[in-house]
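Q: Residue-level listing of the chains:
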Amino acid sequence: MAARKLAPLGPNGGAEDSLAKTNAFFRKKTLVLFAMVVAFFVINGVSGAFVEFDFVSAAVDVPAGIVWMLSEFAPSASSLEYLDSIMPALGSTILASVASSCIAAVFSFILAVLGSRSVGIGGPMALIVRAIASIFRNIPVVAWALVLLFSFKQSEFTGFLALFLTSFGYLTRCFLETIDEMSTGPIEALRATGATYFQIVVQAVIPMSVTSVISWVLYMIETNIRDATLVGILTGTGIGFVFDVYYKSFRYDVAGLTLVTIVIVVIACETLSNYIRRRIM
Amino acid sequence: MSEAGNSPARRTRSGKLRVHVMHKADAALWVVVGALVAVTVFAMVIMDYGKVNFFDACVAALGDFWEMMSTPGLAGHFTAEDVIVGLFESLALAALTTFIGAVIAFVFGLFAAVNLSNKAASNVIKILMSIFRAVPTILWVLVFSVAIGLGPEAAVAGLLFHSIAYLVKAYSEAFEEIDPGTLEALRASGARWWQIVFQAVIPAKTNELLSWTFIRFEINFVNAVAVGAVAGAGGIGYQLFLAGSFYLNLHEVGLIVYLCLAVAVVLEIIATQLRKRFIVQQ
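Heads up: the protein sequence lines correspond to chains H and P, in order. For the first sequence, the positions run 1 to 281 when the working numbering is used. For the second sequence, the positions run 1 to 282 when the working numbering is used.
Don't read these hints as lab results, they were simulated from the structure.
Covered stretches of chain H, going by a simulated chain P footprint (3 or more residues, C-beta under 8 Å): (1) 37-48; (2) 53-63; (3) 66-73; (4) 87-101; (5) 202-215; (6) 223-234.
Just the calculated beta-carbon pair ranges, DEER-fashion: (7) Asp48(P) with Gln203(H): 38 to 44 Å; (8) Ala120(P) with Ala189(H): 48 to 54 Å; (9) Tyr258(P) with Phe25(H): 44 to 50 Å; (10) Ala27(P) with Ala74(H): 41 to 47 Å; (11) Val85(P) with Pro186(H): 50 to 56 Å; (12) Phe41(H) with Val85(P): 19 to 25 Å; (13) Ala121(P) with Ala195(H): 50 to 56 Å; (14) Ile66(H) with Ser70(P): 43 to 49 Å; (15) Ala64(H) with Ala120(P): 26 to 32 Å; (16) Ala189(H) with Pro203(P): 43 to 49 Å; (17) Gly181(P) with Ser57(H): 45 to 51 Å.
Note that the Cβ used here is the ideal one computed from N, Cα and C, for glycine as well.
Looking at chain H on its own, in the form it has when it is part of the complex (with noise of 0.2 Å):
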């Protein structure tokens, strides 16, 4: 009876139609998460198949394991005495990492603005930008640090570079975004008065984007001191190295050590740039 009250069509047609209609929605829904569910379990399987992973290990070993790391990485008070070790291949690795972003974004600012659809110089360059910047971003960091060293061999420098091949392309596309989104206003105002090129980018562009490219050059250098363990372990530097030289030689506790100094690097970089965000916005 209800139902029929609310229903502001006929007498009876409208009720009964709207009904169905809700029946015909709820069972379409029921039947898509049906459909998610079973996908889910079919690519896990289809996945977990593959390459041998097996689910109730998995479940049983995860727990166990993370109790045994805690107990075998926990850094012991011998271990203490190798920060001295530690310490410096950590400030090398903080500065690599700094100095990878800053200099990557100087590069990458400058072929944002000249690949961005608002301020570019147009022409074919808004798609060889893109291209660029997604080849570097995409090219595995692997490869990078392999490449590299073949030529440069196991120095600072390597990794330095590796990093800031990646940041490359990584922030030439965030700031390719940045400019885009910008508005487009002050430029078209500067154009109007007979502004140069040079002159709409230094007044108009640079202005409006520097909040948000510091913002990422803050990120990237959150994620190059991360990535910089993966590119130390390969190129033989910076804390990466110190971490493999401790793993591979089963001193646990003195890895665990310099897991922990990482870890502290890494939230302390992330507290700083979310004060400094907030101080500049």
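Go by the hints and put chain P onto chain H.
A: Chain P alone, transformed into the frame defined by chain H:
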């Protein structure tokens, strides 16, 4: 300069109107820029450049890069089948990590969203996630490969941590955007917490949650390749590592790079489209 005190406009020392007024935020910005430049210069000055000649090394690196990209091919260490299987192994590792991570992150995400949970639970989860994120993925995998033994379980377990942390952030922010009116209406009608979740939260955010999950799948593929290389977790990343470090064969590295690039670019394009269509920018 007596009139300067009366009028709101600021003037320079010579009496001209000031066009640029330094705000606090601008000052902070310049301090940050100055600090970044200073650290960069310092880093470049004290950096260890090794014993190689910079220009020779650059030329050699560019030559290697060109050789790698222009003449990809197999050199007998792997068959085409090996490489394709390796590629699918990396994709499978990424898929497993994404799906398992999505389920765990969904639960955590519900408790991390302040409108569905309480402040204390939300903060505890957020702190836990920032610890998950602070340890680099590769170190999680290395630690797990000794803790539970080398294999796909260790790779997935190690990759899971960042995947969960990322998705919890994305999911909980999506949940927090839900219209409070809807939640209030359901609460007023006596709906239980899980009824609210299944009747309001999931239906409203399905597309967004799925988009974020796919975006994470893209990142997980990249990570799975990297992890395969360093932790020996298998997949195309391990073959890339072998080709580069043991066989020192740039042609094979080139072929594997092209395969990774192709997959990553396709995933990136799909992810960008999903982000544009389903994720609302705040």
